[in-house]
Amino acid sequence: GESVGLHLPTLSVQEGDNSIINCAYSNSASDYFIWYKQESGKGPQFIIDIRSNMDKRQGQRVTVLLNKTVKHLSLQIAATQPGDSAVYFCAESYYNQGGKLIFGQGTELSVKP
Amino acid sequence: GAGVSQSPSNKVTEKGKDVELRCDPISGHTALYWYRQSLGQGLEFLIYFQGNSAPDKSGLPSDRFSAERTGGSVSTLTIQRTQQEDSAVYLCASSLAWRLIQETQYFGPGTRLLVL
Chain L
2 GESVGLHLPT LSVQEGDNSI INCAYSNSAS DYFIWYKQES GKGPQFIIDI RSNMDKRQGQ
62 RVTVLLNKTV KHLSLQIAAT QPGDSAVYFC AESYYNQGGK LIFGQGTELS VKP
Chain W
357 GAGVSQSPSN KVTEKGKDVE LRCDPISGHT ALYWYRQSLG QGLEFLIYFQ GNSAPDKSGL
417 PSDRFSAERT GGSVSTLTIQ RTQQEDSAVY LCASSLAWRL IQETQYFGPG TRLLVL
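Taken in sequence, the protein lines are chains L and W.
Under our numbering, the first residue of the first sequence carries the number 2, and numbering increases by one thereafter.
Under our numbering, the first residue of the second sequence carries the number 357, and numbering increases by one thereafter.
Hints may be right or wrong, so weigh each one.
Sample of chain W residues lacking proximity to chain L, with all beta carbon distances greater than 10 Å (derived) [stated by the list, open to error]: (1) P364; (2) K367; (3) D374; (4) G384; (5) G407; (6) N408; (7) L416; (8) R420; (9) E424; (10) S429; (11) R437; (12) L470; (13) V471; (14) L472.
Computed Cβ-Cβ distance ranges for the label pairs, DEER-style [claimed, not checked]: (15) W/E400 - L/V71: 23 to 33 Å; (16) W/N408 - L/T70: 34 to 44 Å; (17) L/Q61 - W/G384: 20 to 30 Å; (18) L/S53 - W/S363: 29 to 39 Å; (19) L/K72 - W/R437: 37 to 47 Å; (20) W/S365 - L/S29: 32 to 42 Å; (21) W/D374 - L/N54: 43 to 53 Å; (22) W/G384 - L/Q106: 28 to 38 Å; (23) L/S29 - W/S363: 31 to 41 Å.
Part of the chain L face toward chain W, derived, beta carbon under 7 Å [claimed, not checked]: (24) F47; (25) S94; (26) Q106.
To be clear, the hints were calculated from the coordinates, so they are not data collected in a lab.
Predicted, not measured: the structure shown is a model, and the values here were computed from it.
Note that beta-carbon positions come from the ideal geometry of N, C-alpha and C, so glycine has one too.
From just these sequences and the hints, can you work out the full model?
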């Protein structure tokens, strides 16, 4: 049968600008959240994670914000570079699920030089 | 420093044949996960190992899928009587022992399976 691929949401930004990628998660009991970057033909690469007892966490050029009230997660990338072009996935888990991750659909980030 | 490795990187098979996919986790990681990523889609959980036991097999799509882990290290995902809808990238991840808090999962490069 015919297979139909999903059209990923796409974010296009200019090099040097800041990027914000958003994610809505589904389970109010989730207590761990993680962002992965996936380049074409490669496995997901860990970017940053956050636990539910925090609302913000910063890494190198990246910040994750967690709003548990509205079940929303965001990834901010400062001074976006062409090498940041990839698909970004958010994922959630909760402790009595053995650590399995539930992934979001993904957002494709395209950085224009 | 070795990361998670998977083999083969690509596999083309004919419908009805069996395939075995291998995962070598990061040394010292006792938790191991298998996920599947269909074309243009997110990752779908298949099965999780803690040591050699699999407490959660809830994501395996059918009884044609099975997995085992021996020696608390290498894991093999087996798909019997492959179907075209099994075509996907199969990803393995590992993490330190899962206790009361989640540990970061690190992914391998995946095995790209194409069933003709």
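Taking the hints in turn, this is what the structure says about them:
1. Residue placement check: W/P364 keeps its beta carbon more than 10 Å from all beta carbons of chain L (closest about 14 Å).
2. Every CB of chain L is more than 10 Å from the CB of W/K367 (nearest about 15 Å), matching its label as outside the interface.
3. The non-interface label for W/D374 is consistent with chain L: the shortest C-beta to C-beta separation is roughly 23 Å, beyond 10 Å.
4. Here W/G384 stays apart from chain L, with its beta-carbon at least about 16 Å from theirs, past the 10 Å limit.
5. Separation of W/G407 from chain L is adequate, the least Cβ-Cβ distance of about 12 Å exceeding the 10 Å criterion.
6. The claim that W/N408 lies off the interface holds: its Cβ sits roughly 15 Å from the closest Cβ of chain L, which is beyond the 10 Å cut-off.
7. The non-interface label for W/L416 is consistent with chain L: the shortest C-beta to C-beta separation is roughly 12 Å, beyond 10 Å.
8. Against chain L, the non-interface label of W/R420 holds: every CB pair exceeds 10 Å, the least being about 18 Å.
9. No beta-carbon of chain L comes within 10 Å of the beta-carbon of W/E424; the shortest separation is about 17 Å.
10. Residue-level check passed: W/S429 sits 18 Å from the nearest beta carbon of chain L, beyond 10 Å.
11. Residue placement check: W/R437 keeps its beta carbon more than 10 Å from all beta carbons of chain L (closest about 18 Å).
12. At roughly 12 Å from the closest C-beta of chain L, the C-beta of W/L470 stays outside 10 Å, upholding its exclusion from the interface.
13. Non-interface call for W/V471 relative to chain L: holds, since the shortest CB-CB distance, roughly 12 Å, exceeds 10 Å.
14. Listed as a non-interface residue, W/L472 keeps its Cβ farther than 10 Å from every Cβ of chain L; the least gap is roughly 14 Å.
15. Taken as a hint, the range 23 to 33 Å holds for the pair W/E400 and L/V71, whose Cβ atoms sit roughly 25 Å apart.
16. At roughly 41 Å, the beta-carbon separation of W/N408 and L/T70 lies within the given 34 to 44 Å, and the hint holds.
17. The beta-carbon spacing between L/Q61 and W/G384, approximately 25 Å, falls within the hinted interval of 20 to 30 Å.
18. For the hinted restraint 29 to 39 Å between L/S53 and W/S363, the CB-CB distance of approximately 36 Å keeps it satisfied.
19. The hinted range of 37 to 47 Å is satisfied by L/K72 and W/R437, whose Cβ atoms lie roughly 40 Å apart.
20. Against the hinted window of 32 to 42 Å, the Cβ-Cβ separation of W/S365 and L/S29 comes to about 39 Å, which satisfies the hint.
21. For the pair W/D374 and L/N54, the beta carbons lie near 46 Å from each other, so the given range of 43 to 53 Å is met.
22. Between W/G384 and L/Q106 the CB atoms are about 33 Å apart, so this pair conforms to the stated range of 28 to 38 Å.
23. Between L/S29 and W/S363 the beta carbon distance is about 39 Å. The supplied range of 31 to 41 Å therefore holds.
24. This hint holds: L/F47 has a C-beta 6 Å from the nearest C-beta of chain W, less than the 7 Å allowed.
25. A hinted interface residue such as L/S94 counts as satisfied when its beta carbon comes closer than 7 Å to some beta carbon of chain W; here the least separation is about 6 Å, so the hint holds.
26. A hinted interface residue such as L/Q106 counts as satisfied when its beta carbon comes closer than 7 Å to some beta carbon of chain W; here the least separation is about 5 Å, so the hint holds.
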